[in-house]
Amino acid sequence: MRLPEIERGDGVANRLLISLISTVSGMRLPDAARVAFYHRDFFGTPMGAWTQAAMRGPSSWSVAERELMACMVAKWNACAFCVGAHGAVAAKEMQRPVVNEAIADFRAAPISGHLKSALAFLEVMTLRPKDLKAEHARAALGAGLSVEALTDAIAVGALFGIVTRYADALDFALPTPAEFERAANMLLKRGYAS
Amino acid sequence: MKVSIRPDHRALAEALRLRVLEGPGETRPELRLASAERAAGGPASEARFDDLARQIGEAAHRVTDAQVSSVLTATGSEKAAFEIIVAAALGAGLSRWQQAMKVLDEVANAPARN
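Chains as they are written, first to last, in my numbering: chain A, 1 to 194; chain B, 1001 to 1114.
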């Protein structure tokens, strides 16, 4: 269920900001950004700080690889908004067919072995967290991931385990493919910090 | 000179947890914490909030308007309902974070075998 206060913004400054960004970008500001502005001190600020660090901070993973991880967590959690949003960002640096192949079957997709190993770990973490054991970490490290790289992937998995849940609970409106493209440009340029 | 400092994910996760589950808000921290624990597979929380928190943890794409509406009625404000929703989402995400880091630490900190 959508909350009207998130739609219109809480406070005059946020309402003006939502209106301004929508006008300048030529599209309705996506709900993910509206949530980032809403009740910001309570949630948007600390959530944005971790998300920005995980998705854009120093890491051995490229931005596109991290966006693909977010997209895959969204797929496993059946969150159409996040599949569209983060698949579109990943496709800015990877080829769109590669992203689509990964969404269909990441094990068969033309992506690196390291990324497949991280996704295999994230799949268990997302879908069967109680089954996640040391053997899964051992397999990822054995495939050549560093502890730091797996930690970075786990952070993405945890964050999008959160984002996908509030996106669906708050019934985020689904942008058109063209709007996802434009929003992807904004996410690449501006990042996640609110 | 550009210096790249790795993100301290543990500190960032803890800052988020502290703010949302223990910090000031329109709802009681105990209620947010109970919703987070419920979404992470924990015990039932207050009846008026339990169904939504459980649903967010299990399958958020199946959350119904009635489940959110019930919490909105119980809390009396959209901001308070939002706090319950993000607390539950956080509980599910952070429980995965903790489990994943636990198994990684087990392997990373294990004594090397000769």
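Be a bit skeptical, because a hint or two may be false.
Dumping the calculated SDA-like pairs for lysine to any residue here, alpha-carbon to alpha-carbon at most 25 Å [stated by the list, open to error]: (1) B:1102 with A:123; (2) A:133 with B:1024; (3) B:1102 with B:1010; (4) A:92 with A:193; (5) B:1102 with A:189; (6) A:92 with A:134; (7) A:133 with B:1050; (8) A:116 with B:1018; (9) A:116 with B:1079; (10) A:116 with B:1080; (11) A:189 with A:1; (12) A:92 with A:182; (13) B:1079 with A:130; (14) A:116 with B:1098; (15) B:1102 with B:1018.
Looking from chain A toward chain B, a few residues come up when the C-beta cut is under 7 Å (computed) [stated by the list, open to error]: (16) 1; (17) 39; (18) 46; (19) 50; (20) 53; (21) 76; (22) 123; (23) 162; (24) 165.
Don't read these hints as lab results, they were simulated from the structure. Note that the structure is predicted; figures quoted are calculated from it, not measured. Glycine is no exception: its CB is placed at the ideal position from the N, C-alpha and C atoms.
Results for each hint:
Using a Cα cut-off of 25 Å, the hinted pair residue 1102 (chain B) and residue 123 (chain A) holds, with the two alpha carbons roughly 17 Å apart. At most 25 Å may separate the alpha-carbon atoms for a hinted pair to count; residue 133 (chain A) and residue 1024 (chain B) exceed this at roughly 35 Å. Taking the CA atoms of residue 1102 (chain B) and residue 1010 (chain B), the gap is about 12 Å. The hint holds against a cut of 25 Å. Of the pairs offered as hints, the one joining residue 92 (chain A) and residue 193 (chain A) holds, with about 20 Å between alpha carbons and a cut-off of 25 Å not exceeded.
At most 25 Å may separate the alpha-carbon atoms for a hinted pair to count; residue 1102 (chain B) and residue 189 (chain A) exceed this at roughly 34 Å. This hinted pair does not check out: residue 92 (chain A) and residue 134 (chain A) have alpha carbons roughly 34 Å apart, beyond 25 Å. Proposed proximity of residue 133 (chain A) and residue 1050 (chain B) is contradicted: the alpha carbons are some 29 Å apart, above 25 Å. Under the criterion of a C-alpha separation no larger than 25 Å, the hint pairing residue 116 (chain A) with residue 1018 (chain B) is inconsistent with the structure, at around 33 Å.
Between the alpha carbons of residue 116 (chain A) and residue 1079 (chain B) the distance comes to roughly 39 Å, so the proposed pair goes past 25 Å and is violated. Straight-line distance between C-alpha atoms of residue 116 (chain A) and residue 1080 (chain B) comes to about 40 Å, which puts the hinted pair past the 25 Å bound. A C-alpha spacing of about 30 Å is found between residue 189 (chain A) and residue 1 (chain A), which places the hinted pair above 25 Å, so the restraint is violated. For a cut-off of 25 Å, the pair hint linking residue 92 (chain A) to residue 182 (chain A) stands: about 11 Å separates their Cα positions.
Between the alpha carbons of residue 1079 (chain B) and residue 130 (chain A) the distance comes to roughly 32 Å, so the proposed pair goes past 25 Å and is violated. The suggested pairing of residue 116 (chain A) with residue 1098 (chain B) holds, with an alpha-carbon distance near 22 Å, which does not exceed 25 Å. For the given pair, residue 1102 (chain B) sits about 19 Å from residue 1018 (chain B) by alpha-carbon distance, which is consistent with the 25 Å threshold. Here the hint on residue 1 (chain A) is kept, as its CB sits about 4 Å from the closest CB of chain B, short of 7 Å.
Residue-level restraint check for residue 39 (chain A) holds (minimum Cβ-Cβ distance to chain B is 6 Å; threshold 7 Å). With 7 Å as the threshold, the beta carbon of residue 46 (chain A) comes within range of chain B, its nearest partner Cβ sitting at about 4 Å, so the hint holds. Of the supplied interface hints, the one on residue 50 (chain A) holds, with its beta-carbon coming within about 4 Å of a beta-carbon of chain B, less than 7 Å. Interface restraint check: residue 53 (chain A) against chain B, minimum CB-CB distance 4 Å, threshold 7 Å, status holds.
For residue 76 (chain A), the interface hint is violated, since its Cβ never comes within 7 Å of a Cβ in chain B; the closest pair sits about 11 Å apart. At its closest, the beta carbon of residue 123 (chain A) sits 12 Å from a beta carbon of chain B; the interface hint therefore is violated under the 7 Å criterion. Interface restraint check for residue 162 (chain A): the shortest CB-CB distance to chain B comes to about 3 Å, inside 7 Å, so the restraint holds. For residue 165 (chain A), the interface hint holds, the least distance from its beta-carbon to any beta-carbon of chain B being 4 Å, beneath 7 Å.
Hint compliance for this structure: hints 2, 5, 6, 7, 8, 9, 10, 11, 13, 21, 22 are broken, all remaining hints hold.
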